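Please model the entire structure based on the sequences and the hints provided.
Number of protein chains: 2
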Amino acid sequence: MKRNTKELILEKGSEIVRLKGFHHTGIQEILNTAGVPKGSFYFYFKSKEDFGLQLIDHYSNFFLGNADVFIKDENFSYLNRLRRFFDFFLNYFETTNYKGGCTIGNLAQELGDINVRFRVKLNEIFEKMKNKVETFLHHAQNENEISKDIDISIASDFIINSWEGALIRSKVAKSSEPLRIFDKLIFEHYLKK
Amino acid sequence: MKRNTKELILEKGSEIVRLKGFHHTGIQEILNTAGVPKGSFYFYFKSKEDFGLQLIDHYSNFFLGNADVFIKDENFSYLNRLRRFFDFFLNYFETTNYKGGCTIGNLAQELGDINVRFRVKLNEIFEKMKNKVETFLHHAQNENEISKDIDISIASDFIINSWEGALIRSKVAKSSEPLRIFDKLIFEHYLKK
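Protein sequence lines correspond, in order, to chains S and W.
Per this note's numbering, the very first residue in the first sequence carries number 1; after that it's consecutive.
Per this note's numbering, the very first residue in the second sequence carries number 1; after that it's consecutive.
Don't take each hint at face value.
[To be verified] Derived lysine to any residue pairs resembling SDA-like cross-links, with alpha carbons at most 20 Å apart:
# : chain 1 : residue 1 : chain 2 : residue 2
1 : S       : Lys130    : W       : Glu177
2 : S       : Lys20     : W       : Lys174
3 : W       : Lys174    : S       : Val116
[Said to hold, decoys possible] Listed next, with one range per pair, are the computed distances between beta-carbon atoms:
# : chain 1 : residue 1 : chain 2 : residue 2 : range
4 : S       : Lys48     : W       : Arg117    : 43 to 53 Å
5 : W       : Thr96     : S       : Asp73     : 35 to 45 Å
6 : S       : Asp87     : W       : Ser40     : 43 to 53 Å
7 : W       : Phe43     : S       : Lys128    : 46 to 56 Å
8 : S       : Ser147    : W       : Asn32     : 35 to 45 Å
9 : S       : Ile150    : W       : Asn91     : 23 to 33 Å
[As the list claims (entries may be wrong)] Covered by chain W, per the in silico footprint, the following chain S stretches (three or more residues, Cβ under 8 Å):
#  : region
10 : 5-13
11 : 70-80
12 : 98-107
13 : 138-148
14 : 170-178
None of these hints come from the bench; they were simulated from the model.
Note that the coordinates shown come from a computational prediction; the quantities given were computed from them, not determined experimentally.
We treat Cβ as the ideally placed atom computed from N, Cα and C, and that holds for glycine.
This is the structure in structure tokens:
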């Protein structure tokens, strides 16, 4: 029960912060949405900052856990598993009118320069996201789907960063075009043998 | 004189908003930094929102004006002029410890979902940035520096979006690596004949 309440606060909080930003979100608003009394918040989180830092783990677990589902899908080649992973998010953003973007990218933008704890943690999460993409590419390269000439560490970094940029653009364009261009150029040109 | 005061508010305001975000920046803080009395702010700007919208023009004039300087530099080929344009920003971010990022990307991230006026204006500016990159590529393609097979409209969109993503990553990594990877993959792989 306690774990559920905490998860509920993180889940509802994540949705609001992703839409409105960290500073612009009040704790009371999160608690109202979650239907949880104020005392509960401070039972689970030492401060708003502590909540924000745990929010990063919450969201990154979602991202990384999802990647693990796709990477195990033996119906597709490793390169197509990676493409399907990004397509999953593309479809998600289409159904939500490209709202919110990526919590990690958003918080990096908002807090990267003004809070060192957030900056260090977000940097670690970006590394994990990059490493996850690299795992797909490692298998794809082993199976000769992508050229041995591609430095998969650099490629994975570029893929994660370009995806974050495409998300920002989709948010203001309210269009899937930037995400589709990302998909096309990464999978049909850059990584294509 | 009046124009100078307005420019001064926009310039100082731009620096602070780029670092701290729009919501997190107070008008008083901008006025203190600019050394301007509060009455001046409301003489030039109807509201904080109006200030924010004018800030977007201020920053985009800087970006687009800079591009025009590089595009006219006859010492280099058109592709190298574009590369030098991005290198200029890379060097700038190196000297400022990768702080702030791009005002347009930041505001898109922060306000794209919660203020339709900002969203529409930021989308227009992204289009202008994209069109500017496309002008470089148009000349480069005419001069046979890049393949005729490259769709320069799609390429320009991808370049702008990937640059925005690389800036976010540099902000939390406090490293030029993401910007250098962008430079390498765009100019030494993607656009290379």
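Flag every earlier hint the structure violates by its number, smallest first. 2, 4, 8, 10, 11 and 13
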